[in-house]
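Quick mapping for you: the protein sequence lines, in order, are chains A and B.
Position 94, counted from 1, in the first sequence is what the numbering used here calls 193; the numbers after and before it change by one each time, with no gaps.
Position 77, counted from 1, in the second sequence is what the numbering used here calls 79; the numbers after and before it change by one each time, with no gaps.
Just so you know, the hints here were simulated from the structure itself, not pulled from any lab data.
We put the CB at the ideal spot given by N, CA and C, even for glycine.
Certain hints may be false.
[Said to hold, decoys possible] Residues from chain B that face chain A, not an exhaustive set, calculated with beta carbons under 8 angstroms:
hint: 1; residue: R25
hint: 2; residue: F26
hint: 3; residue: L36
hint: 4; residue: L39
hint: 5; residue: F66
hint: 6; residue: A96
hint: 7; residue: F141
hint: 8; residue: G146
hint: 9; residue: C147
hint: 10; residue: Y150
hint: 11; residue: V154
[Stated by the list, open to error] Residues from chain B that keep clear of chain A, each with C-beta distances beyond 12 angstroms, as calculated:
hint: 12; residue: T48
hint: 13; residue: A62
hint: 14; residue: P73
hint: 15; residue: R85
hint: 16; residue: G110
hint: 17; residue: V117
Chain by chain, the residues:
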Amino acid sequence: MNGFAAFGVLAALVAVATAAGLLWRATSGRARTVRRAEVVQPGEVGTEPFGGRATLLQFSTAFCAPCRSTARVLGTVADDLTGVRHVEVDLTNRPDLADRFSVLQTPTTLVLDGAGSVRARIGGPARAADVRTTLDRILGSDHVSA
Amino acid sequence: MSQPETVTGPAAGASGIDPRSPRFGAGITAVLLLVDLFLALTGATTAAAVLLLAIALLFAWGAFAGIQRHPYGLLFRSLIRPRLGAPAEREDPAPPTFAQGVGLVVTGLGLLLFVLGVPLALPVAAALAFVAAFLNSVFGYCLGCQLYLLLVRARVIRRTA
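So that you can see chain B by itself, here it is in the shape it has in the complex (with noise of 0.2 angstroms):
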């Protein structure tokens, strides 16, 4: 996972991104994952994994190219930002990005799992991934800000600072 040499504190500034812009990204990705989810448990299970191969895939581009990068924030400044007027105030794209990341991770090991015969990770990494998703999109809900912090408390992250 990336790690850009982020000032903390309020760094983020006049380049910053519009925060409704990936909790709109993350509303598709959790009505996605809840088509995904339904296919899986319907039997669907080509489909379904061709469908999160799709969404891993849209959260690589997130997580990589960056969140500012991504489809969903193209249609966001495009079609539901000139309806919505200025954002009250800009966020740094760092999180976001980072939570991309986290997506790619759950639907990705869901997915090395399924091809690797185990049937059953499918649907719960679809499940996992919209609980995040959905708890993202509709309540502002921030899964890297207590990962992140796991990650660091078992040292797995550690900056030379």
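Isolated chain A (complex conformation) (with noise of 0.2 angstroms):
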């Protein structure tokens, strides 16, 4: 291959890998309601009790960067409304969890009602806005059907 073509096929990747990379960034971390509503109990996921409103499921691993951020921005949200919890899973030790819920990537949360009815799935770093939103759609139909 000539040094032109070559530079064609470079340009080309970098083309492809930024589009990847725009189309990744533009749907990761977007909050999307769940329509199958599954039940998740406490103990089948861990020790922690879950919230009386509302519990943010986190499923994380240790080599997960973003999982870090994604549990301090869920910590925070959390902490600002009552019976809303955060609960974090390590999914190195339960990949029947990750067969369960059939994640692809982490972090991955759950948001779940005061029932444990998955209401909503964040795939990648969720955003704080993104979540509250969410939480409050959540709650405010809990205060609707109470």
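Both chains are given apart, each in its own frame, so use the hints to dock them into the complex.
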């Protein structure tokens, strides 16, 4: 291959990688509403109790830098709201949970309501504003039904 | 691959590393891999193999000695860090160290296949490693976050807890 064509290949590679990066940044960390309401009990994931009104259940691994920042974001959000708890589970010891919830990346966060039903799912680094909006919706509907 | 008994959660503490340091290093790696790909594509095969070996050895340094002792980290601390100011937060060195291991496996496999008589392995390994290093450097993408979990789910990694 001559130098000119090789430069073309390099440019195409950089373009594809940039497009993939932009797509990843735009889609990751967004809370998606879960329709199929699966119920999670605290005993199934560990020893920590869930929140009375909502729980931010975060799946992490030891080799995941964004898991740490997500833990800080979710911890701060949970501390600001009564009855909301942040629970972090290391999937290294629990591949069964990774299988059960089809976790393909860490961090992945499940937003549970007071009954432990999965209401939303966040794949990738969680965004504080997005988490608050999701919790407002869940806690709001909680009030309506109560 | 090393598996330190890392505590999960906010265990990074004050002893953590500047998160910008591994991304700076990944940027250098990405540029080197792009140069390597160019050499491989233009027929400078020996030069490409030697450069990929050098890159693989640098990955091995990070993977085995730990990301804190990587030469790019020293470069970052002496040249870049004084111009940037203190980091907003510190980070556990385990994730970027794992990423160095991933880089070592990809470039090492490429070199091995090349030595065994698969010439295409050289540009393919350089391109794959480039995409990972580029996404890590520019977008903060963490390949280990996906790969490590795949190994866990394939039951390759199991920790006795």
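Evaluated hints:
This hint is violated: B/R25 has a C-beta 10 angstroms from the nearest C-beta of chain A, more than the 8 angstroms allowed. Evaluation of the B/F26 hint against chain A yields a violated restraint, the C-beta minimum of about 14 angstroms exceeding 8 angstroms. At a threshold of 8 angstroms, the smallest CB-CB gap from B/L36 to chain A is about 6 angstroms, leaving the interface hint in force. With a least beta-carbon distance of about 6 angstroms to chain A, the hint placing B/L39 at the interface is held under the 8 angstroms criterion.
Given hint, B/F66 at the interface with chain A, is violated; its Cβ is 15 angstroms from that chain's nearest Cβ, farther than 8 angstroms. Using the Cβ-Cβ criterion of 8 angstroms, the hint placing B/A96 at the interface with chain A is satisfied: the shortest such distance is roughly 6 angstroms. The interface hint given for B/F141 is met, as the beta carbon of that residue sits about 4 angstroms from the closest beta carbon of chain A, less than 8 angstroms. Here the hint on B/G146 is kept, as its CB sits about 5 angstroms from the closest CB of chain A, short of 8 angstroms.
Given the 8 angstroms rule on beta carbons, the hint for B/C147 holds: about 5 angstroms separates it from the nearest Cβ of chain A. The closest approach between the C-beta of B/Y150 and any C-beta of chain A is roughly 5 angstroms, which is under the 8 angstroms cut-off, so the hint is satisfied. The interface hint given for B/V154 holds, since its Cβ lies 5 angstroms from the closest Cβ of chain A, which is under the 8 angstroms cut-off. For B/T48, the requirement that its beta carbon stay farther than 12 angstroms from each beta carbon of chain A is met, with the minimum near 16 angstroms.
No beta-carbon of chain A is positioned within 12 angstroms of the beta-carbon of B/A62; the least distance is around 17 angstroms. Every CB of chain A lies more than 12 angstroms from the CB of B/P73, the least distance being 21 angstroms, so the non-interface label holds. Listed as a non-interface residue, B/R85 keeps its Cβ farther than 12 angstroms from every Cβ of chain A; the least gap is roughly 23 angstroms. With a closest Cβ-Cβ approach of about 19 angstroms to chain A, B/G110 is found to remain outside the 12 angstroms limit, as its non-interface label requires.
Chain A leaves B/V117 outside its interface by the beta-carbon criterion, the shortest separation being 22 angstroms against a cut-off of 12 angstroms.
The structure is inconsistent with the numbered hints 1, 2 and 5, although it conforms to all the rest.
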